[in-house]
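Asker: Below are the chains, spelled out letter by letter.
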Amino acid sequence: MNGGSAAPNRTDPGDGGLSVSRRGALAAAAGLTVSTSGCIRQVRDILMPDNIHQLSLTITTLPTDSDRESIRLSRELADVFEAVGIDVSFDIRSPVDFRRTVLYDHEFDICIVEHPGGTDPDFLYEALHSVYTDESGWQNPFGYTNLTVDDSLETQRQLEGEKRREAVTDVLEAVAIEQPFVPICIPDQHRAVRTDRFDWDERALATPQGYLDLDPTPDVSTLRVTHTDSRPTTNLNPLAVDYRGQGPFVDLLYDSLATETADGEIEPWFARSWEWDAGTIDVRLRTDCPFHDGEPMTAEDVAFTYRFLADMHPDDAETSAPAPRYRGLVEAVDSVDVVHRDRLELRIDAGRPVGERALLVPILPAHIWRERASDANGPGGATIAQGTTEAVVTDNIEPIGSGPFQFVSRTEGDGLTLERFDGHFTLRSGVALPAPSVDELTVSIDPPGSAVQRVIDDTADVTASPLETNVVGSVDQSGSTRVLESPSWSFYCLGFNARDAPFSNPRFRRVIAQLIDKEWLVDEVFRGYARPIATPVTEEWVPESLEWNGTDPETPFLGTDGEVDEDAVEAAFESAGFRYDEQGRLRVRQ
Amino acid sequence: MLAEVLTQVALVIGILLPVSVLVFIGRERLVRTRAEWRDRLRTNAPVIAVLLVVLLINRVARQTAPKLSREIGIHLTATFYNVEGEFILLFKSVETPELTAYFASVYVFGYTFLLIFPVIAYFMLSDTRIFRRLLTAYALNYAIGLVLYILIIAYGPRNVMPAELTERMLYDTNPQYQYLTREVNTNTNVFPSLHTSLSATVAAFASMTRSAYPKWFPIAVVLGASVALSTMYLGIHWGIDVAAGLVLAATCVVLSDKLVDRWSLSDLFGDRLERLSDRLPWLHREE
Numbered sequence: 001m002n003g004g005s006a007a008p009n010r011t012d013p014g015d016g017g018l019s020v021s022r023r024g025a026l027a028a029a030a031g032l033t034v035s036t037s038g039c040i041r042q043v044r045d046i047l048m049p050d051n052i053h054q055l056s057l058t059i060t061t062l063p064t065d066s067d068r069e070s071i072r073l074s075r076e077l078a079d080v081f082e083a084v085g086i087d088v089s090f091d092i093r094s095p096v097d098f099r100r101t102v103l104y105d106h107e108f109d110i111c112i113v114e115h116p117g118g119t120d121p122d123f124l125y126e127a128l129h130s131v132y133t134d135e136s137g138w139q140n141p142f143g144y145t146n147l148t149v150d151d152s153l154e155t156q157r158q159l160e161g162e163k164r165r166e167a168v169t170d171v172l173e174a175v176a177i178e179q180p181f182v183p184i185c186i187p188d189q190h191r192a193v194r195t196d197r198f199d200w201d202e203r204a205l206a207t208p209q210g211y212l213d214l215d216p217t218p219d220v221s222t223l224r225v226t227h228t229d230s231r232p233t234t235n236l237n238p239l240a241v242d243y244r245g246q247g248p249f250v251d252l253l254y255d256s257l258a259t260e261t262a263d264g265e266i267e268p269w270f271a272r273s274w275e276w277d278a279g280t281i282d283v284r285l286r287t288d289c290p291f292h293d294g295e296p297m298t299a300e301d302v303a304f305t306y307r308f309l310a311d312m313h314p315d316d317a318e319t320s321a322p323a324p325r326y327r328g329l330v331e332a333v334d335s336v337d338v339v340h341r342d343r344l345e346l347r348i349d350a351g352r353p354v355g356e357r358a359l360l361v362p363i364l365p366a367h368i369w370r371e372r373a374s375d376a377n378g379p380g381g382a383t384i385a386q387g388t389t390e391a392v393v394t395d396n397i398e399p400i401g402s403g404p405f406q407f408v409s410r411t412e413g414d415g416l417t418l419e420r421f422d423g424h425f426t427l428r429s430g431v432a433l434p435a436p437s438v439d440e441l442t443v444s445i446d447p448p449g450s451a452v453q454r455v456i457d458d459t460a461d462v463t464a465s466p467l468e469t470n471v472v473g474s475v476d477q478s479g480s481t482r483v484l485e486s487p488s489w490s491f492y493c494l495g496f497n498a499r500d501a502p503f504s505n506p507r508f509r510r511v512i513a514q515l516i517d518k519e520w521l522v523d524e525v526f527r528g529y530a531r532p533i534a535t536p537v538t539e540e541w542v543p544e545s546l547e548w549n550g551t552d553p554e555t556p557f558l559g560t561d562g563e564v565d566e567d568a569v570e571a572a573f574e575s576a577g578f579r580y581d582e583q584g585r586l587r588v589r590q
Numbered sequence: 001m002l003a004e005v006l007t008q009v010a011l012v013i014g015i016l017l018p019v020s021v022l023v024f025i026g027r028e029r030l031v032r033t034r035a036e037w038r039d040r041l042r043t044n045a046p047v048i049a050v051l052l053v054v055l056l057i058n059r060v061a062r063q064t065a066p067k068l069s070r071e072i073g074i075h076l077t078a079t080f081y082n083v084e085g086e087f088i089l090l091f092k093s094v095e096t097p098e099l100t101a102y103f104a105s106v107y108v109f110g111y112t113f114l115l116i117f118p119v120i121a122y123f124m125l126s127d128t129r130i131f132r133r134l135l136t137a138y139a140l141n142y143a144i145g146l147v148l149y150i151l152i153i154a155y156g157p158r159n160v161m162p163a164e165l166t167e168r169m170l171y172d173t174n175p176q177y178q179y180l181t182r183e184v185n186t187n188t189n190v191f192p193s194l195h196t197s198l199s200a201t202v203a204a205f206a207s208m209t210r211s212a213y214p215k216w217f218p219i220a221v222v223l224g225a226s227v228a229l230s231t232m233y234l235g236i237h238w239g240i241d242v243a244a245g246l247v248l249a250a251t252c253v254v255l256s257d258k259l260v261d262r263w264s265l266s267d268l269f270g271d272r273l274e275r276l277s278d279r280l281p282w283l284h285r286e287e
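Here the protein sequences come in this chain order: W and A. End of the first sequence sits at 590 in my numbering; the numbers just go up one at a time, nothing left out. End of the second sequence sits at 287 in my numbering; the numbers just go up one at a time, nothing left out.
Heads up, a few of these hints could be off.
Stretches of chain W that chain A covers, calculated by requiring three or more beta carbons in the stretch to come under 8 angstroms of a beta carbon on chain A [as the list claims (entries may be wrong)]:
no. : segment
1   : 58-72
2   : 84-95
3   : 449-455
These are computed hints drawn from the structure, not numbers from a lab. In this text, a Cβ means the ideal position worked out from N, Cα and C, and glycines have one as well.
All chains, please: the whole structure from these sequences, using the hints.
Answerer: This is the structure we're talking about:
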């Protein structure tokens, strides 16, 4: 015992000296390897005025554990790029790190990622409008700037009906020509469920509502969800872009004025009803609805939310700090007026279809979020361009929302427990909305390979994360396990960082787009559980000119069956103004 | 699932250990240990404490290290991939379901056994130095490994080449084991391979003690080599990680020789310690 306390002191000098020297050696070694791979380019540019070299690009993507399809796409594309004389390396990042690198810091050449997309094509306004190039988030991470495209993005926001469809077609056709990102495919969303305990609505499972109104068999009171993404156990902040994936959990904790169905319909939720009148939405709220901490949720909280999302620094008149999520939705709201406790007016700068989408943002309790306006400082976090407030970096555990479920507990990396919020308005008689139908919702974080087995073993009821395409076809459906398919609108894409040459050049981007055999990749990587696309919107919005017809109508693949025609590519790059050297390397000014 | 896997591991180790104690250690040493264990424990207490402290730090660091690593770590996945390319795909030519099953059980059960058995075996030796060296080497492996894990962020081959590895990726064929490994480590900690370094450490000690345990030596070498190969065969580690693991093992074995007995407790605390141990009579009961 006496020796035990003395011993660490004794070994410490030797131990400490060791790790210091190793660290030094390591830092030196790492510095060497890093500089040979990337930074040397800048040094070389200073030393040698001739800065035309072989094009060397880095593909930023996610590891197998987080997204098997992304890394597979990246490697298939890297093979093609290498074949046509481009030097390729990878930057593989965890989901949190990937978002910070690509969406916050814009430190990438090209990225392969599943873009959240949207049921309505207006998501492209946020994704591509040039005013967002400097911001952090899903708003224009590509740094794409085109005033004509800006114009048509703005025009479609103001219109409705057939006129809007035409304007959207203008946007989609312009985007297809410019290829600010290359849409590859929309993956099918499959989930394994147990049918002996709950009644599932296949379409609704694409949205948080799929976890409500489940009609459990009499003795069932717990919904056991398995999820492969552990981020919700670390952070439940609706404004944290780096932690928000496709999981439904944050949306079950927070209410919004309206809710969106899998078909893209906007329906009343916390708003009892609203009237649209020439750019004004007159909203009537449900009465006597509390937050999870018992505080009442009123029109003041709703007004606070819209103002806070538009500017997280309300006290600082000079700089505005818009929240990094819900940017495009909130942009449509000009002002919010509280008429009284249960009624408010939103003045909207958009046509009805886009304007009503502003009702979809989560309502934040003013008494909690008002304090989160200050700048967060200290190491260990992300920095966002608009202003790194406490609201952006807080892990928001324990979250206080007003949604159908409330937070109970979590174990970081392992799981999350929510319970039904008995004060929720959907549980009132006379309210015909999907309501929480179980006492408890448990989320267990499982490796992708085990999620389906949990359902088959009857230790989970549903896989909240869509199944990986390599397991969809082999799920044993002999017992009470079924595989359901829900509508999907998120899409895999190759995103360019158009801030830098040569990715800033649409001619270059178009040739790259033609190196991607989308049809073949869907078979090879997705085993057919996806559909190739030429434009990143849901089927009802695809214009005839951009319909998939066995090949990409705008940027057809230069080759066949995944095999690229190297001569054709060389010719395409050369006619786009680029050159090859005698060793078949593509040379560019970077 | 974690409980199931842990039960399996406990069961396998629970069978393997007593059998190997009988086979490799023999009755004579057991009897002598029964007479001397208090003495040996007293001599060994400091090093046991050091190892426990290091393991505890490792455990705590599992929560905080990833955040620190994100701040100061260097991303080297691409560098490793550029350097060795598809080297580990060499195993493709020998891939069979039986070999996959062998390497999977070696990776989980064989490795656990390989770490635990020498601790028992060397405690049975009258000369306690080898036991103290082994534990010191373990502690060094974990301590240096932790520092490298924080400084270097790298994903293993399975996270880069899923398509080529799919038939033998441990977590595709035996997903339940991921519950165990995620308790111990995160998926960005591949450099160096601690499986390799600890197995090689054990094999090195087995070689040093082959006159005391002649039968253990070949077993430790075969099992240790299997563990190192399994990490590559199963797509968990790069060849570079395994090479670094071997270097780390060599470093730790050499350092353990230099560190153990360098400071003796009585030199540092002298009389005070003796007086203290006089007051703890249970330590001397056998004498």
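Asker: Please go over all the hints and tell whether each is borne out by the structure.
Answerer: Against the structure, the hints come out as follows:
{"no.": "1", "hint": "58-72", "verdict": "holds (count 7)"}
{"no.": "2", "hint": "84-95", "verdict": "holds (count 6)"}
{"no.": "3", "hint": "449-455", "verdict": "holds (count 4)"}
When each numbered hint is compared with the structure, no violation occurs for any of them.
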